[in-house]
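Hints in hand, dock the two standalone chains.
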Amino acid sequence: MSRLEAKKPSFCKSEPLTSERVRATLCVLKGILTSSYGPSGRLKQLHNGLGGCVCTTSQSSALLTNLSVTHPILKILTTSMQNHVSCFSDCGLFTAILCCNLIENVQRIGLMPTTVIKLNKHLLSLCTSYLQSEFCACRILVDFSSTQTLLCLVRSIVTSKPACMLTRQEIDHISALILRAFLLTIPENTKDCLILGKSIIVPLKGQRVTDSTVLPGILLEISEVQLMKILPIKKSDTFKVALFCASLSGDLSDTGEGTVVVSSGVSLENAVLDQLLNLGRQLVSDHIDLVICQKVVHPSLKQFLSMHRMIAIDRVGAALMEPLSKVTGTQPIGSLGSISPSSYGSVKDLCTEKFGFKHFLHLIPNEATICSLLLCNRNDTAWDELKLTCQTALHVLQLTIKEPSVLLGGGCTETHLAAYIRHKICNEPESILQDDGCTQTELQLLTEAFCSALESVAGSLEHDGGEILTDMKYGHFWSAQPESPSVVDWPDLLSRCGCGLYTSQEELRWSFLKSTRHPFAPQTCLPHEAVGSANNLTLDCFTAKLSGLQVAVETANLILDLSYIIEDKN
Amino acid sequence: MAAAGSAKVALRVAEVLETIVSCCVGPEGRQVLCTKPTGEVLISRDGGCLLEALHLEHPIARMMVACVSSHLRKTGDGAKTFIIFLCHLLRGLHAVTDKEQDSLISKNIQTHRRHWKNCCQWKFISQALLKFQTQVLDYIMGHYLSKHFLSIFSSSTKERTLCRSSLELLLEAYFCGRVGRNNQNFISQLMCDYFFKCMACESGCEEVFELVDDYFIELNVGVTGLPVSDSRIIAGLVLHRDFSVYCPADGDIRIVIVTETIQPPFSTSGSEFILHSETQFRTSQFWIMERTKAIMKHLQSQNVKLLLSSVKQPDLVIYYAGLNGISVVECLSSEEVSLIQRVVGLSPFVLPHTSSQYETCNTALMNFCKPLILRSKRYVHLGLIGTCSFIPHCIVLCAPVQGLVEQHKSALHGAFKMLRQLFKDLDLNYMLQASDQNYASSPLTYKNSRESTPLPEIVNGSMQSPYQGTVVENKGKLATIQTYLKVYSNFVVPSIELETHIPRSIPKMTPTDTYQTDETLRYLSLAKTRIVDDSEPFMESNSANSTTENTRIEISYENLQVTEIAGRGSMLAVREKSLEMCTSHGYCFSSIPAGCVLPAGGNFEFLLHYYLLNYAKKCHQSEETMVSVIIANALLGIPKILYKSKKGNYSFPQIYVRTLHAIQTHQPMVSSQTGLESVASKYQLLTSVLQCLTKILTIDLVINIKRQPREVYDQDSEEEV
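From first to last, the protein sequence lines are chains B and X. If you count by full-length UniProt numbering, then the first sequence holds residues 1 to 570, one letter each, in order. If you count by full-length UniProt numbering, then the second sequence holds residues 1 to 721, one letter each, in order.
The calculated EDC-like cross-link candidates involving lysine to aspartate or glutamate, where the alpha carbons are at most 20 Å apart (straight line), are:
1. B:K387 - B:D211
2. B:K75 - B:E15
3. B:K387 - B:E221
4. B:K75 - X:E40
5. B:K402 - X:D230
6. X:K36 - B:E567
7. B:K13 - X:E52
8. X:K297 - X:E330
9. B:K13 - X:E40
10. X:K646 - X:E28
11. B:K326 - B:D349
12. B:K7 - X:E52
13. X:K644 - B:E15
14. B:K514 - B:D464
15. X:K646 - B:E442
16. X:K36 - B:D568
17. B:K514 - B:E467
18. B:K191 - X:D250
In silico negatives: residues of chain X with every beta carbon more than 12 Å from chain B:
19. Q189
20. N362
21. L660
Please keep in mind that the hints were generated in silico from the structure rather than gathered at the bench. Treat the numbers as computed from the prediction; the structure is a model and nothing was measured. Note that the Cβ used here is the ideal one computed from N, Cα and C, for glycine as well.
This is chain X alone, in the form it adopts within the complex (with noise of 0.2 Å):
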């Protein structure tokens, strides 16, 4: 069975998602409600959460999912607002084409069948989309909208520190969509709590984030039957598990690590013990005893107080552990463990091999060590002392039940990713407008020949990185060396992650497609498609001769899975002719710098929509203006659903004509709400649903195949070689 797969079965899908999703959205929304088969019950309002839930059938539905989950590993946030926004895309772009069918499609296509030729159009406005994407939306945000950029850190001095009341309106931002109404304040107030608290100081904040980013699930302690009120930060760190023994000290407490059994075993894996006699058997064994007892008095002797171990002990250790005053914690998890030796810098004891020879082994000093006991369960609380710009505190997170604590988990996690992002310096390449349109030009040679740099990295590195496919740029070289990735833009999206079957059932793209259009631009594309990897599935479009009046590219891929050059990597050769073309363009490198942000409720919509109608006045080319209203339409959508329920002069119509008043004016604008919110995650989430759009619209038919999927055999290691 097959199903066209254009942009109108898209929108009905969008839609459907959207009418969920809208509702959870903004400061207003409410929550939603998941059972699992295992009869857990997850509370959320996490869009990514919610769409995982609803195990969705439709290809395209899946698809799109797809891209709202790799779109939140990266950021953390905005899959509610990526569904909307695309829904509003795909709705502009319905009402666009049906208008304008006749103009955009040339003489020579129309000979084609009816089907074919829907999706060539569709296949003209991804390309416009993609071209507006790599150029015209960098372009805008660094021309127009840096300036009316705020900035989270005070600005009172040079060097930059982070102002608290920022910071919190911020989270108190991001929290509004994330968690329960009545729990938003609280949620962020604690956030910002822990942040403060775990900071050492000013310049490593980014290390803290990175931390608790990493280790979240280890730093917090979830209890249910409590209200959320309760939950508190406690500083130090907290062990989910208890004592195997337990010894009272204060005063030098010093602890060790271990990760294997203190007690010598009998025989070790790979080695054969052989037993003679009895009394051999008896003298291994007291050996072994003695052993135990010489090293736990050795501890001893170092002053430890406590020994965590990544293993169980056997009952001996734990024995001797208590003779010697030595509280044990036993099997602790690799994660619990890589994070205690981040905090306090310990490396885990190595025990000696003989005897005799016992140095001065590897310990920390800590604050205390005792039991904590929430909610009748019994916890190590540990009172570390860190060495890094980290100063180890935990949550307590309480809820009446998992569901609503599991929520808030994520949601703090989701909150420490999101700030990890926004304190990144985020580029924006663009192309100054140049006289001349011809933009499919890089004026250098790329000769990639060898295994240096394989083409699926390529590949994948502009789909996934914040650069969004505009160059990839060597900086080591004076004359940067730019494959200008916008070259694929003529045809196939490059990658598209899909679940395994739906790759497949994309047919091969039209083998050799001629396309003439008003302008004198020809292409020749080869447009061939091919699984790179099934492991990792991508589908790939390998480009090849494209031909301008005064530039020619020549870019080949040569996959090595799908060729003979056995051990060879891929290959990626760009060679360019004319090489007098490079002065006629001039490159803006700019960056939104870490920790923009602008205040929330629909601002950066405002702005946007503003600067890209602007924009399209001037445009000469059709397509491209057109590409700019539809974008600038749909982001209305979000501002739209944020001031659904006011009334009066907070409706929407109110908003929007104040704002672009104030927009045009120069001056603030005007806002109900009070948070801020990052600018970088915006402009990525703007991004990603434009991808999401192209490679939708690059699908032209969808064939269901019932089969079970076939065995995925990982291939990676044979391109390795």
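Just chain B, with the same shape it has in the complex (with noise of 0.2 Å):
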């Protein structure tokens, strides 16, 4: 039978961001990512009818890979912004709501796509150099004497994830132990380029937070059964490891292309497990204490090892070689005839430990930079979010060694960087208006979507109802406590800014974010005094906060280019 089948035409669709289903489906998705935003945004469940766990989370990646969308508008907004998430972890919601509000600001004044997308890319640079040049006050550069950024950094990640389910002792002590494990995986003397470990989660779930710990070393878990073969450990100054690659299962290797013909009554079984004996008996010739093989090990390998005093753990994966083979400080073996000694590894010692319910060997080195970090969260699905929010940590705090700056966070930033492109597009409009040959009436309305764009972000943090607004001197984000009484007194009603940086006690103006007002010149150059004296700041990554403003950029302008849609519904 013929499974030929003639294809079918194609679907062709024009102006496809005028369509009313269009602007639906994208508000929607807006609203579900705009509600997950910030500390006190609030949780989805995702659960999948034709099966699979339950989800509970607030954070894009989660979010967006659960989320199945089919127009093609949205699978590429939402695929740009997972994109962006699996380079840099952070700030995921924070681009794909900008990317949002800046096609719905766009599409609501009406311009040219061709103006739209040459203005946006002239904002988009003004950002961008600003945050990048020396008198950016939204910016700090961190100071690696002290743990102070980096802990305030990792706060307040963690902080931003409330499906954690976290209390605030709970939230200092991860912290804590996130920034532990990083440290714990940077070399102590390096030469000219820095390599940096890997820090292993190991999840223990049912525990209390707080029973989350960090070891240095590699944590393997074993039975119970296999933990009453391991008979008690000798104490030595080092112990001699043998780690395999090579399976020990004694299958036959790889016969090659021909054929094999095995005559009556030899057994190549036996012949292999004498090769593995032979091994077994090299091992204990080398005094090997322990042997870590990825794959199988043979069960009378395994019994000749123990005969001899040696512990044999098998079935370790691939995953956890590399760990392993730097832990050890040993090439994996791939051979199973003659060892050379040089292959063999080490490790400082050697103990059993219990976490929980679970038994472990924990391997601890000389000198590595692998660490084990003991995750402990009561359920699995709070868990799954907080191994998420540490690996995002972890990852965030390794890019922020590459560029050592955060940005402020909790809103501040957005909100200063848009009163300083306004202000700097109401005083200086020319250099744009030059070379692109626009009016001035487009740039100020354009310069208005992109800014309120910024702000509606900034804007999303704040959940309960509570009075969103700036100040008009550092141009920062500031929310109130809703069911406020009329505006009479700022100062008592505000505490800290969104970053935490400025109190209300000084002499500061606000205004409502969303009302117009005049464009005023944000205060540049932040004070190095300041930033000391604050010890709880909101911190954001710079590196990701960029990238993302780029990204959400660059993707609206792609969507709003769009002139036609051809679907293949083959």
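Next comes the structure, spelled out in structure tokens:
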């Protein structure tokens, strides 16, 4: 039977953005994203009707991977955000919301896509050059002599994930653990280039969060039966380790493309087993204490090894091989024959430990950049969320090492940036007007759309119906309690700005974020003493946010530029 | 079901395509989003890509798409312009034929039914078009347009040197039509930088184009999730995989390539390995291990630090490589291997057959070899030292989504194709206007009896070579043998590349057709329609006798497949009786030299328009005038779209009037755009469109068959015998 089928013609649609359906779906997506944003964001429960476990989350990575979108435009948007998240782990929701806001605002003003794209590009380059410049007032250089800034950064990340269900104390505990785990991955003596190690997250569900801990080296989980077999470990200075990547199960390796004829009476299994036992004898004579195999170890060999007081652990999997070879300082052995003595590794100490109801064999290295983060949380979904959070935080710390600066969080960067752009465009529009051939009105309309898109990202942080304001000196973000009395005494109502850098006791004037106001010049150049005194700042990753800003504008430009959609329905 | 395959239908189809395509044309063009059934989302402004994505059903539309893609394969540019130009031509024809119907049809055809009459009329026009393409176009290009050409090479020295600023302008204009508006400048700068970084010397630029075009996929890395502005060029070669084992090394690093597993297998294919005892098994295993060890030791002694393998190597090899400080990269694709071989001139390492014989193996030196991390994915970064004129560099293309990466990739690839074309000379052959208009003559005997030149090749060649069916030239002889392919033009177009079922739907063309025109020419054409080869379907009309008053050309094609002369290939015999004709024609061979450009923004179209109108005024024959005028007007369609959104001084009528004035008064032309575009590709586009149009016009009936296409047998092999 022929399975050939004629291809159906594609479905072609012009001016996709003008359709009501697209606008509605975009609006729904934006609603989902904005309501999850920030520390007080609402949680989303995702469950697949076809099976799988329920996931409670407010993180962009979990949200976007689980949402199934069908419209091509939304697909572009979500894949763009997912790609951003997989690069930087952080600022996914910021990027997605900004992109949605931009599309929506630009559509409302109804300019030609050509002009919009050109101007958006100019505004974006204004933003990026300001953020990277020295007089930028929302960027803080990281001082590596103290852990203060890094701790603030980690705490901001953990705080912004409400689905982890952590109390204040637990947040502090986890943040400190993450930072310690990260610091353990930094090698002590480096030459010219820094190669970071790895923190392995070990799951331990059902325990209290405060039971979480960080240990140097690797924890190998072993069953209770295995534990019984392990005799009390004798004390010594070092333990010799043999790490195998070849299978020790006694199966015949690849015999080539031809045929192998075995005469009757010849047992290859025996031959291979003999070979394995020979290997075992060699290991004994080389005084090996611990044998670790990526694949399966033959029971007879295991028996033989344990008879000679060796610990044999098999099926550790490919993922652990690299950290293991780093911890033991050796190359995995791929041969069953003669093993060169140089390919044995060693660990400083070896002990069995029990955490919760699980038993572990703990390999303590002499000097390595591998550590294990034993992560506990009450239930599965909260643990999954916490694990994602830890990974994000560790990644952000790595990015911060590369580019040692952080941005003010809590919406302050966005409002400050918007104020800066407004002021800049209002005062010196010539630079853009000259080489683009667009009118002053067009520029002003678009600047307004761009800045209000930025500001409403900051505004999305407030979910409880409180007032959102900005001050007219620094351009920072302030939110007031809901059901506040009519505008009377702002300094009493407000305590600190979003990032926590300024208090309301200074002589400040406020204005509502949504209202129109006269462009003002936000104060640039962050004073050093201000940063030093404030110890509980909300901070964001610089690299992730900068790239998120760029990706959001680029994606919005891309979507606004679409004139046709051709859908292949085969 | 049958539908009249006339120009009217074609016009309707072309107009639909035009509306889609025209939104993407030029610097102001917008993007189109294509989704694939696999869920991929592609962003494109590339005409060819859009047309393919549409999966058109209408046979004429499919034919157009087929023509466009064959044009694209050749030049890599111009799909959108193709459709727009074709549409305008059809529109022009439609308007003209309504008026001139009576004047063109000669009396004896009026007896046919009206439908057939129409067909003959279309056929007549198509002949005129082909004649135009083969004679007039080259003549105008060579005679009039050539004085306006600019060159991409700076003319100060005798040695032609590539001018960076003109190349930048050229690329800018190219990318204006290919990538999103906000990335045009960036991508064209990136490409320019890349090219100049890769080029070792001025003379080797053609080699660089060729190499980059052939191995483009291997020479770039796509990274998603980063802003486009993070794209960059890195020195060396990036392999799209990680090390199997990595041993840091510096200083004198040598590489070696292997194409088989280093560990000898138990048995090779086709052989049997008989095991008699367990000891035998053990010794053979031991031998294998020792061999592997020895080979790796040998490699280490040769100072080899990196082993590139096109196959997966066993654990044992990896282990011994690690012990000997050799890094290993496995599973390289054959393209990657051949690229590395070409760049460094290295042949694969042949494993020695006996354990004693170890020669110095083929190694190459390189600067560094290290892992490269892009977006938390690890790649292998090799600092190869190029031995040819290509200095290896890679482009890292960043974009928020994969679709955009793909767009930039294909645009860059197309740009290299375009440049590769630009750096070739393009020959123009045309016949000077002789006193008499007897064109169907080639004054030589061209007899080609055996397999030396099979017919399909000639037909193919004439349709696809840039010479576009003028002269098949044999330079070796003084008296150049010229098969005047224009002879075909009297009959049905030789080759139509279509989907398999379309040629079937074309009925046999009127077996014998006699035309009696006002001129004294008499054609006796025997048009046979045959499908030459099912697997590579092109339709061919074999034409036989053609008689003019003083010339008699007999072309007889005998196709092996059809006739029973087995093992003889195709036969082509052109017999010519009157040899005295040969002096009356002057053949001109001029060429568009490599690197010819014109300012972008419709200058080529304006110039050709102007000269064609001038030519038409001088013309005597009515149909020649008509065709010239139609083409001249259709050419304006492209600048019309380019200037559509402009207002005031830059609106289309303003530009048109000013440009024509400038040409008349021999002043430099004004242009609102600063790019440059290749003349050769414009010329090729024009000829491709004209050919496509003739194909469309010669179809009189489209027959819809609702049946599974039959199995396609490959009969090539029989023909070769």
